[in-house]
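Just need the whole structure built from these sequences, with the hints factored in.
Residue numbers (our numbering), protein chains in the order written: chain A, 5 to 225; chain B, 5 to 225; chain C, 260 to 476; chain D, 260 to 476.
Because the hints were derived from the structure by calculation, they are not lab data.
All values reported here derive from a predicted model rather than from experimental measurement.
Please note that a few of the clues may not be correct.
[What the hints assert, rightly or not] Per the computed footprint, the stretches of chain C lying under chain B, defined by three or more beta-carbons under 8 Å from a beta-carbon of chain B, are:
id, segment
1, 362-375
2, 415-429
3, 458-470
Just so it is clear, CB atoms sit at the ideal spot from N, CA and C, and this is done for glycine as well.
Residues per chain are reported as follows:
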Amino acid sequence: MTMPTSPKDIIAWRVAKELKCGEVVNLGIGIPTLVSNYITPEMNITFQSENGFVGMGALAKPGEEIPDLTNAGGQWVTLLPGAAFFDTAMSFAIIRGGHIDVTVLGALEVDERGYLANYWIPGKGGPGIGGGMDLVVGAKRVIVAMEHVRKDGEPKIVTRCSMPITAKRMVDLIVTDIAVIRPTNEGLVLREVAPGVTTDEVLSKTGACLIVPDDVGEMVA
Amino acid sequence: MTMPTSPKDIIAWRVAKELKCGEVVNLGIGIPTLVSNYITPEMNITFQSENGFVGMGALAKPGEEIPDLTNAGGQWVTLLPGAAFFDTAMSFAIIRGGHIDVTVLGALEVDERGYLANYWIPGKGGPGIGGGMDLVVGAKRVIVAMEHVRKDGEPKIVTRCSMPITAKRMVDLIVTDIAVIRPTNEGLVLREVAPGVTTDEVLSKTGACLIVPDDVGEMVA
Amino acid sequence: MSKVKTIQEAMEFVKDGMTVMLPGFLGVGTPEALIDAICERKTGNLTVIYNDGAFPGVGIGKLIRHGLVRKMISTHTGTNPELVKAIAEGRVEIELLPQGTLVERIRAAGAGLGGILTPTGVGTSVEERKTIMELDGATYLLELPLRADVALLYAFKGDTQGNLVYRRTARNFNPIMATAADFVIAEVEHLVDVGEIEPEHVMTPGIFVDIVVRGCN
Amino acid sequence: MSKVKTIQEAMEFVKDGMTVMLPGFLGVGTPEALIDAICERKTGNLTVIYNDGAFPGVGIGKLIRHGLVRKMISTHTGTNPELVKAIAEGRVEIELLPQGTLVERIRAAGAGLGGILTPTGVGTSVEERKTIMELDGATYLLELPLRADVALLYAFKGDTQGNLVYRRTARNFNPIMATAADFVIAEVEHLVDVGEIEPEHVMTPGIFVDIVVRGCN
Numbered sequence: 005m006t007m008p009t010s011p012k013d014i015i016a017w018r019v020a021k022e023l024k025c026g027e028v029v030n031l032g033i034g035i036p037t038l039v040s041n042y043i044t045p046e047m048n049i050t051f052q053s054e055n056g057f058v059g060m061g062a063l064a065k066p067g068e069e070i071p072d073l074t075n076a077g078g079q080w081v082t083l084l085p086g087a088a089f090f091d092t093a094m095s096f097a098i099i100r101g102g103h104i105d106v107t108v109l110g111a112l113e114v115d116e117r118g119y120l121a122n123y124w125i126p127g128k129g130g131p132g133i134g135g136g137m138d139l140v141v142g143a144k145r146v147i148v149a150m151e152h153v154r155k156d157g158e159p160k161i162v163t164r165c166s167m168p169i170t171a172k173r174m175v176d177l178i179v180t181d182i183a184v185i186r187p188t189n190e191g192l193v194l195r196e197v198a199p200g201v202t203t204d205e206v207l208s209k210t211g212a213c214l215i216v217p218d219d220v221g222e223m224v225a
Numbered sequence: 005m006t007m008p009t010s011p012k013d014i015i016a017w018r019v020a021k022e023l024k025c026g027e028v029v030n031l032g033i034g035i036p037t038l039v040s041n042y043i044t045p046e047m048n049i050t051f052q053s054e055n056g057f058v059g060m061g062a063l064a065k066p067g068e069e070i071p072d073l074t075n076a077g078g079q080w081v082t083l084l085p086g087a088a089f090f091d092t093a094m095s096f097a098i099i100r101g102g103h104i105d106v107t108v109l110g111a112l113e114v115d116e117r118g119y120l121a122n123y124w125i126p127g128k129g130g131p132g133i134g135g136g137m138d139l140v141v142g143a144k145r146v147i148v149a150m151e152h153v154r155k156d157g158e159p160k161i162v163t164r165c166s167m168p169i170t171a172k173r174m175v176d177l178i179v180t181d182i183a184v185i186r187p188t189n190e191g192l193v194l195r196e197v198a199p200g201v202t203t204d205e206v207l208s209k210t211g212a213c214l215i216v217p218d219d220v221g222e223m224v225a
Numbered sequence: 260m261s262k263v264k265t266i267q268e269a270m271e272f273v274k275d276g277m278t279v280m281l282p283g284f285l286g287v288g289t290p291e292a293l294i295d296a297i298c299e300r301k302t303g304n305l306t307v308i309y310n311d312g313a314f315p316g317v318g319i320g321k322l323i324r325h326g327l328v329r330k331m332i333s334t335h336t337g338t339n340p341e342l343v344k345a346i347a348e349g350r351v352e353i354e355l356l357p358q359g360t361l362v363e364r365i366r367a368a369g370a371g372l373g374g375i376l377t378p379t380g381v382g383t384s385v386e387e388r389k390t391i392m393e394l395d396g397a398t399y400l401l402e403l404p405l406r407a408d409v410a411l412l413y414a415f416k417g418d419t420q421g422n423l424v425y426r427r428t429a430r431n432f433n434p435i436m437a438t439a440a441d442f443v444i445a446e447v448e449h450l451v452d453v454g455e456i457e458p459e460h461v462m463t464p465g466i467f468v469d470i471v472v473r474g475c476n
Numbered sequence: 260m261s262k263v264k265t266i267q268e269a270m271e272f273v274k275d276g277m278t279v280m281l282p283g284f285l286g287v288g289t290p291e292a293l294i295d296a297i298c299e300r301k302t303g304n305l306t307v308i309y310n311d312g313a314f315p316g317v318g319i320g321k322l323i324r325h326g327l328v329r330k331m332i333s334t335h336t337g338t339n340p341e342l343v344k345a346i347a348e349g350r351v352e353i354e355l356l357p358q359g360t361l362v363e364r365i366r367a368a369g370a371g372l373g374g375i376l377t378p379t380g381v382g383t384s385v386e387e388r389k390t391i392m393e394l395d396g397a398t399y400l401l402e403l404p405l406r407a408d409v410a411l412l413y414a415f416k417g418d419t420q421g422n423l424v425y426r427r428t429a430r431n432f433n434p435i436m437a438t439a440a441d442f443v444i445a446e447v448e449h450l451v452d453v454g455e456i457e458p459e460h461v462m463t464p465g466i467f468v469d470i471v472v473r474g475c476n
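Structure (structure tokens):
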């Protein structure tokens, strides 16, 4: 696969590489949703949607919407063969019970502990919790997929989250448009930088200490 | 309905009178199963079977068994229109969650507190707990349907259960072949005696104090 | 005996100040005709249990717009700016909880459980004022049952005894909320005779349903 | 990718000393072909989680008869005199619990809950050695999750990805046990291609199932 050019697509393209054949995957709203564009049928990935099914296919084409068939973002979607519907209790039994191999989530902030913050408190302008906490607690692997900095240029990777954390769980990987970073007990380790991006640029756009090993690679899918 | 002659049928016949139109009822194994013989379609009773369905009909005729359709006693049964199957988690959500109006259960003993004992400990020759505890805890009304004395003539209604109790719950009614007794906070109250049976006979066959009010009636369906 | 009533008859059971369970996920699987009837009658001061904020003027968004909701018990509000504004201005009180916790609390109420222990929310703002338990080296929050006075369901198909079948992702909270309210009203899109739904395919047995009303179709 | 294997291949995942979940209610809904294969291979020293004692030589009664069971976690044994005798003679250890508690403990394990509070068993022999909690004036027992190394399911119909449909009362513990074991093997009576089961009618999604084997029919 050739590398896409938009920041969001670079993130999705790189995250897709992390998914292994046969895995059950839940994609959050926003950038994570784009990951499915970089999945081939041979990878045999099953997408779970927390509003109640497995076997989610691509977005429905305009005019071809199927009644009562939406994803967790409220978009019209399609089904793949072998799909199955269930109620919310079963959906979150799947999520919290460890039956999701990978969840890919956006984040407002990630910190040196590997904790992410992805919800705001209502009344302070934010949207709420949704299924995110259960996903972070329950999935076998959590991948954060987000742009490296906020729209105003401020870093989203920080020493300590200023917003409420989603769970006391170290996420497994952070994929941004310019870097791949792995949280460890020793701190955040820079693993890869995007083609044409220098380590110094990543460091300057990061609000937390980054451990930079000798073998930082180049981001490839 | 004319009164049947066998002790077990007298019990079932009298219990049937306690069921109200439209109720959801669970019948235990043994004598309670016979209650369905005295229910008319006009009563609109729905029978729940804890192995996983509502809408249970009569026993299947020999040669007309339906595969994988048994009651909680393992007998082949039939379905009525409007039946629905579910798994064991839902079945006991129905039972424990207060969605059963009446459960009719056999008992080894009932005592002055209105507690029943209906299971033995394995290794001492007994069968185990099954769904009985959940039924006694969860049903809106619990009716004990049992012969008044054991096969050896010893009373089954006693001061304190000698066997392990099924639940710390006062049952709502005790129906035997010779009497109808209502547990109350004041003790066991004799409500009815069977035709041809005297109060003294009931008292002599009962191993607990019975309160005998002035208005003890005759058992009728 | 048929449980089929008119929407007007059903509305007698939905009163000012009640706690109302409404299934749905961003508006999918929500009983629109029943919600319209509540708006028409202006039954207000409601506590609404619903997954999210839906959208302005859609599903429970209609109740918000009509000012009939006093409190929301929900997981997410951000899709409905009218709700977000009402919360910010103090017109609607909000109790926010994780989605898996919301559904388990409702299920616990319906299943006669005294509560459940979930790892979700430990170490976050969700754990405030909750009992925290350590078991086998793991930490859990004790979450308590959540009941309602009335649950309003939406089914694609239902028979006159209240056996219900939901369609695709419209199932969501419907089968769980059916178990956890004192009174249950189901709006069905297609009303059929008893016996027309395969007993294997019933998703909510009629024993949970008190009243069946026809939807708008 | 198909999950269909032979019974012999599936048996590689069932080993001496394992804890095995077996669904069924008095023999209905139990995978007989898989049980026969265990008896043939004499895989023993098993801890079996099963609702009841079934009958002598039927379902798990075969495992009892062959002396392959070290411990039973069950609700009722009385229908199988061979099991009752084995318990009395100390050849089989028994952990007895109420049926609603058994299924909720399994569900808790599958759903990632740390436990559930049930009123069932309070004040009885069941409460021994359990944590008792008072909440809002009611008393509950804390019951802990129950997992297994392997679950062996029985489905009437299944596709090659492991989507399963159960028939009538054979459903019982199958959908719950499917969620709570490290490895799940489904014996299906009718094997169909992916896509032949309506997504609405799937009772256990294939994501829970590791191996599908054909039954004996």
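Given that the segment 458-470 of chain C was listed as covered by chain B, double-check it with a C-beta distance under 8 Å for 3 or more residues. holds (count 7)
Taking 8 Å as the Cβ threshold, is the statement that the segment 362-375 of chain C is covered by chain B upheld or broken by the three-residue rule? holds (count 6)
Coverage criterion applied to the segment 415-429 of chain C (partner chain B; beta-carbon cut 8 Å; 3 residues): That given contact holds, which follows from 3 residues of the segment 415-429 of chain C lying within Cβ reach (below 8 Å) of chain B.
In summary, this structure violates none of the numbered hints.
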